[in-house]
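Asker: Read off the chains here:
Number of protein chains: 2
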Amino acid sequence: MISAEIISVGTELLLGDIVNTDAAFISKKLAEVGIPLYHQTVVGDNAERLESAIRDALSRADILIMTGGLGPTCDDITKNIVSRVFSAPLTMNDDAARTIKAYFDDMGRVMTENNLSQAMLPEGAVMLENHHGTAPGVRLNKTLADFDGEKCVIMLPGPPRELEPMWNESVMPYLREISPYVLYSLNLHLYGIGESAAEAVLRDIMNSSENPTVAPYACEAEVRVRITARADTLEECRNVCRMMSDRIRMTDIGKYIFAESTSDDEASEVMVRRMIDLCRKNSLTVATAESCTAGMIAARIGDIPGCSDVLEGGVVSYSNEVKMNVLGVSEDVLQKYGAVSEECAAMMAEGARRVTGAGIAVSVTGIAGPGGGTDEKPVGTVCFGVADEHGCVTSTEHFGSMKDRGKIRRLTTSAAFMKLIRRISEKYRT
Amino acid sequence: MISAEIISVGTELLLGDIVNTDAAFISKKLAEVGIPLYHQTVVGDNAERLESAIRDALSRADILIMTGGLGPTCDDITKNIVSRVFSAPLTMNDDAARTIKAYFDDMGRVMTENNLSQAMLPEGAVMLENHHGTAPGVRLNKTLADFDGEKCVIMLPGPPRELEPMWNESVMPYLREISPYVLYSLNLHLYGIGESAAEAVLRDIMNSSENPTVAPYACEAEVRVRITARADTLEECRNVCRMMSDRIRMTDIGKYIFAESTSDDEASEVMVRRMIDLCRKNSLTVATAESCTAGMIAARIGDIPGCSDVLEGGVVSYSNEVKMNVLGVSEDVLQKYGAVSEECAAMMAEGARRVTGAGIAVSVTGIAGPGGGTDEKPVGTVCFGVADEHGCVTSTEHFGSMKDRGKIRRLTTSAAFMKLIRRISEKYRT
Numbered sequence: 100m101i102s103a104e105i106i107s108v109g110t111e112l113l114l115g116d117i118v119n120t121d122a123a124f125i126s127k128k129l130a131e132v133g134i135p136l137y138h139q140t141v142v143g144d145n146a147e148r149l150e151s152a153i154r155d156a157l158s159r160a161d162i163l164i165m166t167g168g169l170g171p172t173c174d175d176i177t178k179n180i181v182s183r184v185f186s187a188p189l190t191m192n193d194d195a196a197r198t199i200k201a202y203f204d205d206m207g208r209v210m211t212e213n214n215l216s217q218a219m220l221p222e223g224a225v226m227l228e229n230h231h232g233t234a235p236g237v238r239l240n241k242t243l244a245d246f247d248g249e250k251c252v253i254m255l256p257g258p259p260r261e262l263e264p265m266w267n268e269s270v271m272p273y274l275r276e277i278s279p280y281v282l283y284s285l286n287l288h289l290y291g292i293g294e295s296a297a298e299a300v301l302r303d304i305m306n307s308s309e310n311p312t313v314a315p316y317a318c319e320a321e322v323r324v325r326i327t328a329r330a331d332t333l334e335e336c337r338n339v340c341r342m343m344s345d346r347i348r349m350t351d352i353g354k355y356i357f358a359e360s361t362s363d364d365e366a367s368e369v370m371v372r373r374m375i376d377l378c379r380k381n382s383l384t385v386a387t388a389e390s391c392t393a394g395m396i397a398a399r400i401g402d403i404p405g406c407s408d409v410l411e412g413g414v415v416s417y418s419n420e421v422k423m424n425v426l427g428v429s430e431d432v433l434q435k436y437g438a439v440s441e442e443c444a445a446m447m448a449e450g451a452r453r454v455t456g457a458g459i460a461v462s463v464t465g466i467a468g469p470g471g472g473t474d475e476k477p478v479g480t481v482c483f484g485v486a487d488e489h490g491c492v493t494s495t496e497h498f499g500s501m502k503d504r505g506k507i508r509r510l511t512t513s514a515a516f517m518k519l520i521r522r523i524s525e526k527y528r529t
Numbered sequence: 100m101i102s103a104e105i106i107s108v109g110t111e112l113l114l115g116d117i118v119n120t121d122a123a124f125i126s127k128k129l130a131e132v133g134i135p136l137y138h139q140t141v142v143g144d145n146a147e148r149l150e151s152a153i154r155d156a157l158s159r160a161d162i163l164i165m166t167g168g169l170g171p172t173c174d175d176i177t178k179n180i181v182s183r184v185f186s187a188p189l190t191m192n193d194d195a196a197r198t199i200k201a202y203f204d205d206m207g208r209v210m211t212e213n214n215l216s217q218a219m220l221p222e223g224a225v226m227l228e229n230h231h232g233t234a235p236g237v238r239l240n241k242t243l244a245d246f247d248g249e250k251c252v253i254m255l256p257g258p259p260r261e262l263e264p265m266w267n268e269s270v271m272p273y274l275r276e277i278s279p280y281v282l283y284s285l286n287l288h289l290y291g292i293g294e295s296a297a298e299a300v301l302r303d304i305m306n307s308s309e310n311p312t313v314a315p316y317a318c319e320a321e322v323r324v325r326i327t328a329r330a331d332t333l334e335e336c337r338n339v340c341r342m343m344s345d346r347i348r349m350t351d352i353g354k355y356i357f358a359e360s361t362s363d364d365e366a367s368e369v370m371v372r373r374m375i376d377l378c379r380k381n382s383l384t385v386a387t388a389e390s391c392t393a394g395m396i397a398a399r400i401g402d403i404p405g406c407s408d409v410l411e412g413g414v415v416s417y418s419n420e421v422k423m424n425v426l427g428v429s430e431d432v433l434q435k436y437g438a439v440s441e442e443c444a445a446m447m448a449e450g451a452r453r454v455t456g457a458g459i460a461v462s463v464t465g466i467a468g469p470g471g472g473t474d475e476k477p478v479g480t481v482c483f484g485v486a487d488e489h490g491c492v493t494s495t496e497h498f499g500s501m502k503d504r505g506k507i508r509r510l511t512t513s514a515a516f517m518k519l520i521r522r523i524s525e526k527y528r529t
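First to last, the protein sequences are chains A and B.
121 is the number that this note's numbering gives to position 22 of the first sequence; each next residue is one higher, with no gaps.
123 is the number that this note's numbering gives to position 24 of the second sequence; each next residue is one higher, with no gaps.
Note that these hints are calculated values from the structure, not bench results.
Don't take every hint at face value.
Note that the list lumps identical chains together, so a pair holds whenever it fits in one copy or between two copies.
[What the hints assert, rightly or not] When the alpha-carbon atoms are kept at most 30 Å apart in a straight line, the in silico BS3-like pairs for lysine-lysine are as follows:
#	residue 1	residue 2
1	Lys127	Lys506
2	Lys526	Lys127
3	Lys476	Lys200
4	Lys506	Lys200
5	Lys526	Lys241
Being a predicted model, the structure only gives us computed values, none of them experimental.
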């Protein structure tokens, strides 16, 4: 069984200036392709410690993924140390040199000698093209007597916007080729049920199923059930996952499932995409009226490319004046029930729908903290409204006074999407 | 010279399900207190590999910081392995047991025997209180014959909202005590100049100054110059940094500095806080009119607790209908100049100011991509307006068609704050 390790190189990681998202990205991708990973290591731009980390990793694993330290300055030593450990001297790679020159031409910038040093690759290495920067990636396979067999090292630049496309284009196809089987995951997205409650329902299935495996895990605003199949073909994996998904949909947690995603999707945006899809299918445009979230709901819709056929816009009504003057909330309601009330939420949603001309509008008004809570309406109390041609529904949620402002606002945003999803599913199902 | 290492324990890190933000947080804090860190390691919930990682780390460093694996289930093995390596058997810690019981009482939940296992600490250990979860932290100092001297291990729970407060309350004071000196940083925040241009101006200062050190680094929307001093007292550090800051302000990059922060601040929110401060000082309220950012600017203001005395609200005018009907942009302007024009931006800013009653309003309208670009107005073109009692100014920025939608929208958001900061500084300086 082949296994991999990750070594990330960079003093900025050891100083905490950047978070090692590369390691998480690569780990997830290795899991997708079924290659086990038992260690991630971070070391700085120091030759001795880097060499020692490489030797430790090669003594344990067959594939070594290295990130960072491929830049043009003298700090960037990854290739040099790999060259030494693999006894593969650096030589000028013509393809790499041509690609780097072309990159500078395209940007209209002058190439320096430093930059050309990036085209020096270990003898026998394969260049991995970088369409978003100057540092080419490198793959080198070689039988090393010191380590008792063939080892593979893959070196990638640190910036995620360079690394991630290179991984998908050049590394993933190679790993799929050498991996003994295909691994595939299907995520069921649940809202309104906790992880342990979902686990209780699924326990028998989880215990009795080895392929696919079934595991729930908690995300901030939802629970995901991940179904993972291992088979000889992708087709077979998909079938196995599909059958398990159907089986889970028939259990008591079926009603909490609002979307599915595969491991390649951006699972984090599934909720927003589901809402947009439902709007699109029903020719509905959407608008928002936001108090405590102050624009987060609209901005999340705006994150999705091509949202303009669905998103009309919205009103951030942080002050009571804007609630009254722009959205038409009555002073009476504000005085009698307060801004954090279902009465106010209803007028906000109706107002947003009216002034934007949208087919459906969602409103939120709540207390995100840390101040502003009362005994009756503690921090974490949020009122929601959804208005459409059929009328307006309101609700109140309590996200807990222990949570921080950011979390309460994020949970509020997710709840708003779920309220739109449920309203459209109920009233418009096409 | 003492040094530290970090070992993060958790299979979820090796699967890429979560990003190791704990390691970045701890690394930054160790840098602040002047304790060098040369390795970060991640291993799974596997006894053999964990013990081996601990032994490797202790052979290199004096202080071992461990995160994760302190939960109540049988997967959680960190304390057991540390107990073995340190020959310090786990015993029931009465303080820890009391604290865990009190935590469950407070939440109105029933404690299980599993949870009480979290109160078992290695003999001789100090409990570190956890106010946000059930797993207490642990610090253990012991002279180990195997490793030639006194070693310190600090174990903390993995969830950042538990770990970070515990670090600040219990770990940082201890590290400050054992660190031979005080390290202190002051950040100068620059906008409108690149990292290499800033470095060119600062090169002589950087080369001639050893204490404090001066280093520029690029963040997404700004450049920071970090001044770091090392001295016997915090007072002395502050003075040294202050003098260097004054010196840098007199160079050619002085005019790009818009704010300062210390290492303890949330440096990432400095721009928004600076804008809010300027509004507050000049009794100005603020509003937004957002097209391509769709609420991100208002939401960033809403991130800051206590923003309600400054933020009136805003309008997300994604569609032309909302630009016309809510903000009063004329159809004429839209037809003649298009939605992405300074003419439209001016009417959006004026409209936002009018309908919200705010003292100052900022507007953005642009092409975030990936679609929608033309030869004349490529992806990345964004028009801005700022309206106040003195009138309205507009401008156009080009954030580059190579960048992704998310990045263009984040750069647009930062530019909007800078335009507010510069307008207020120019017209209102109190």
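Asker: All the hints need checking, so say for each whether the structure fits it.
Answerer: The hints, checked one at a time:
no. : hint              : in the structure
1   : Lys127 <-> Lys506 : both (25 Å within a copy, 23 Å between copies)
2   : Lys526 <-> Lys127 : neither (38 Å within a copy, 51 Å between copies)
3   : Lys476 <-> Lys200 : between (63 Å within a copy, 28 Å between copies)
4   : Lys506 <-> Lys200 : between (47 Å within a copy, 26 Å between copies)
5   : Lys526 <-> Lys241 : neither (62 Å within a copy, 66 Å between copies)
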